[in-house]
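Go ahead and model the full structure; you've got the sequences and the hints to work with.
Those sequence lines, one after another, are chains A and B. Going by this note's numbering, the residue at position 95 of the first sequence is 289; the numbering climbs one at a time, nothing skipped. Going by this note's numbering, the residue at position 98 of the second sequence is 315; the numbering climbs one at a time, nothing skipped.
Just to be clear, a hint being listed does not mean it is correct.
[To be verified] Beta-carbon label-pair distances, calculated as ranges:
id, chain 1, residue 1, chain 2, residue 2, range
1, A, 446, B, 273, 47 to 57 Å
2, B, 317, A, 350, 52 to 62 Å
3, A, 411, B, 300, 48 to 58 Å
4, A, 207, B, 274, 28 to 38 Å
5, B, 253, A, 447, 47 to 57 Å
6, B, 252, A, 301, 37 to 47 Å
7, B, 377, A, 439, 37 to 47 Å
8, A, 369, B, 274, 45 to 55 Å
[Claimed, not checked] Here are the computed lysine-lysine pairs in the BS3-like style, where the Cα-Cα straight-line distance is at most 27 Å:
id, chain 1, residue 1, chain 2, residue 2
9, A, 424, A, 440
10, A, 439, A, 476
11, A, 238, B, 298
12, A, 440, A, 469
13, A, 268, A, 238
14, A, 246, B, 298
Derived by calculation from the structure, the hints in this document are not laboratory data. Positions of the beta carbon are idealized from the N, C-alpha and C atoms, including for glycine.
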Amino acid sequence: MVESLVTLSRFMRSAHVFSLVHLFIHICGPVMVPAIVTSRSAPKYMVEHGLKICSDVSNTHLDPNGKVNDDTAKAFANELGYLAYFVNGLLTMPPLLNRDLHFGIANNAFDFATQAILTVESPIIPQFYQAKLKPVIEQFSNYASALFTTMPEEITVPRAHIHPAIRSIMVRMATPSPPAEFAYAAMRQARSMRFCFAPECPEPAQLSGRVYMRCSGCRVVAYCSTTCQKRAWTHKQLPHRGICKKMMQVYNIGGDYLHQADSQDRFVWEMRRAKIEDLILKEVGVWLCVASTKLQRTDPSPIADARKHSLQREG
Amino acid sequence: MNLTVRDKYDAEPTKKIDLGVTLDEAVSFIIEALEDPLNPRWCGPSVSACMMVIRHHNAPGTIINGNRLFGSTIVAFLTAKRSIATIETLASRWHNCECSHVAINGHCIAAAVHELTEMAPIIMTLSTLPENHQCAFGRFGDKNDVLRAMIELFVEYFEDAMRNVKPSSVANGRHPEIWPATPRDLIPYGVQPQELDFI
Chain A
195 MVESLVTLSR
205 FMRSAHVFSL
215 VHLFIHICGP
225 VMVPAIVTSR
235 SAPKYMVEHG
245 LKICSDVSNT
255 HLDPNGKVND
265 DTAKAFANEL
275 GYLAYFVNGL
285 LTMPPLLNRD
295 LHFGIANNAF
305 DFATQAILTV
315 ESPIIPQFYQ
325 AKLKPVIEQF
335 SNYASALFTT
345 MPEEITVPRA
355 HIHPAIRSIM
365 VRMATPSPPA
375 EFAYAAMRQA
385 RSMRFCFAPE
395 CPEPAQLSGR
405 VYMRCSGCRV
415 VAYCSTTCQK
425 RAWTHKQLPH
435 RGICKKMMQV
445 YNIGGDYLHQ
455 ADSQDRFVWE
465 MRRAKIEDLI
475 LKEVGVWLCV
485 ASTKLQRTDP
495 SPIADARKHS
505 LQREG
Chain B
218 MNLTVRDKYD
228 AEPTKKIDLG
238 VTLDEAVSFI
248 IEALEDPLNP
258 RWCGPSVSAC
268 MMVIRHHNAP
278 GTIINGNRLF
288 GSTIVAFLTA
298 KRSIATIETL
308 ASRWHNCECS
318 HVAINGHCIA
328 AAVHELTEMA
338 PIIMTLSTLP
348 ENHQCAFGRF
358 GDKNDVLRAM
368 IELFVEYFED
378 AMRNVKPSSV
388 ANGRHPEIWP
398 ATPRDLIPYG
408 VQPQELDFI
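If you want it as structure tokens, here you go:
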């Protein structure tokens, strides 16, 4: 079905239809994401179409003020917005699935993100649209920095030549944030991921489409079945038993603020008010980060085969 | 005494124009027309005329929840597996009404809908207003591109229906009265991951 939407978008010469993929990821994540990773046509289309709209707007006729006309700017803003929806969906995916998804095209995707930021910032775009596209720039910067940190071996751009907006996000990501902020980001990310948090989940690529249930203790991590929950509880390397109570303590105080993107300050304030120790917050954040980086397909991945094939071909 | 000068073509905002086709008839006609998404039964102008009737009632969410088959039909049409060539063929087929007179006359809703097909280009003009300029260039030059306009309208309707959907509600099937009730409603053909093209 991803191919169908991509084909229809190519026919329409607009990413409006393609932006529906984001809705499918949002609503049917565990079912859709492995299919998107395997098909790969979605990120390829995003890169191709994105580079095309950037080049189209750069080569368009300018008015006497040196700006593109309102219709062109509006069309560009809309198209970039549609692609940003998809990027937003990719940012909520587990890192290992993102690695699989971008295998072979990470460099092009990075170029596209950089090109999009450069085009929006160029003087030919009217100020109104530049202001309107600020959140989109932020999203593409996050996307590019995530690509650079998760797949550094594929990105050929030297670090010194990376766009300042992307570099600042990378610096921000590398700088340790205060424990409360760190816990907030990790818990929010964990709640947005609709994947089974049990290490070595035997379900092939979480394809069941079953109802995912949250741990009734911490209410942060989700499992695909009680068997997975039991296994995760006493797992050798990453037992949930050790962290569940601490996470519950944090969630009971600040859980309401995890639903809104702009409630970080309120969350931090509540943690201070309840005198939650920094050590606990840090522990929660680290546990969730480690757990989410382990989320991946457990069946023989076709991407892994492709990777092997590609390496063999390169000798 | 105050007088407000109104444009003579500017209709009363609250006044509903009687198009001769009811909302239910328009919805059921589209469901019937797109029953086979790869080979629609009725022509593009008639489907666009029905969309004109549906658009006239500004409540996409209510319409989709009122007739769950409508949402499923739209998704099935948008996600059906097609090649660019098939889409081009459908676009050229949908450009004009090629429905047989016998079929139209033997179908009471179709007859009423086909009375409206002359007005279908109005929709096309509306959908190519400056706010939609990003895709305003029809594939047939100066002609109205019925398929493109229809897809745009379907996508808008789909987005409207999805706006307030909560993933957990869909996953749990908590609200069977709201469309989509389950993930299966959204993925009628399954996810069908295809082979990697770079192997």
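Going through the hints against the structure:
no.	hint	result
1	A:446 with B:273: 47 to 57 Å	holds (50 Å)
2	B:317 with A:350: 52 to 62 Å	holds (60 Å)
3	A:411 with B:300: 48 to 58 Å	holds (51 Å)
4	A:207 with B:274: 28 to 38 Å	holds (30 Å)
5	B:253 with A:447: 47 to 57 Å	holds (55 Å)
6	B:252 with A:301: 37 to 47 Å	holds (45 Å)
7	B:377 with A:439: 37 to 47 Å	holds (43 Å)
8	A:369 with B:274: 45 to 55 Å	holds (53 Å)
9	A:424 with A:440	holds (18 Å)
10	A:439 with A:476	holds (14 Å)
11	A:238 with B:298	holds (18 Å)
12	A:440 with A:469	holds (13 Å)
13	A:268 with A:238	holds (24 Å)
14	A:246 with B:298	holds (25 Å)
Consistency with the previously given hints is maintained throughout, with no hint failing.
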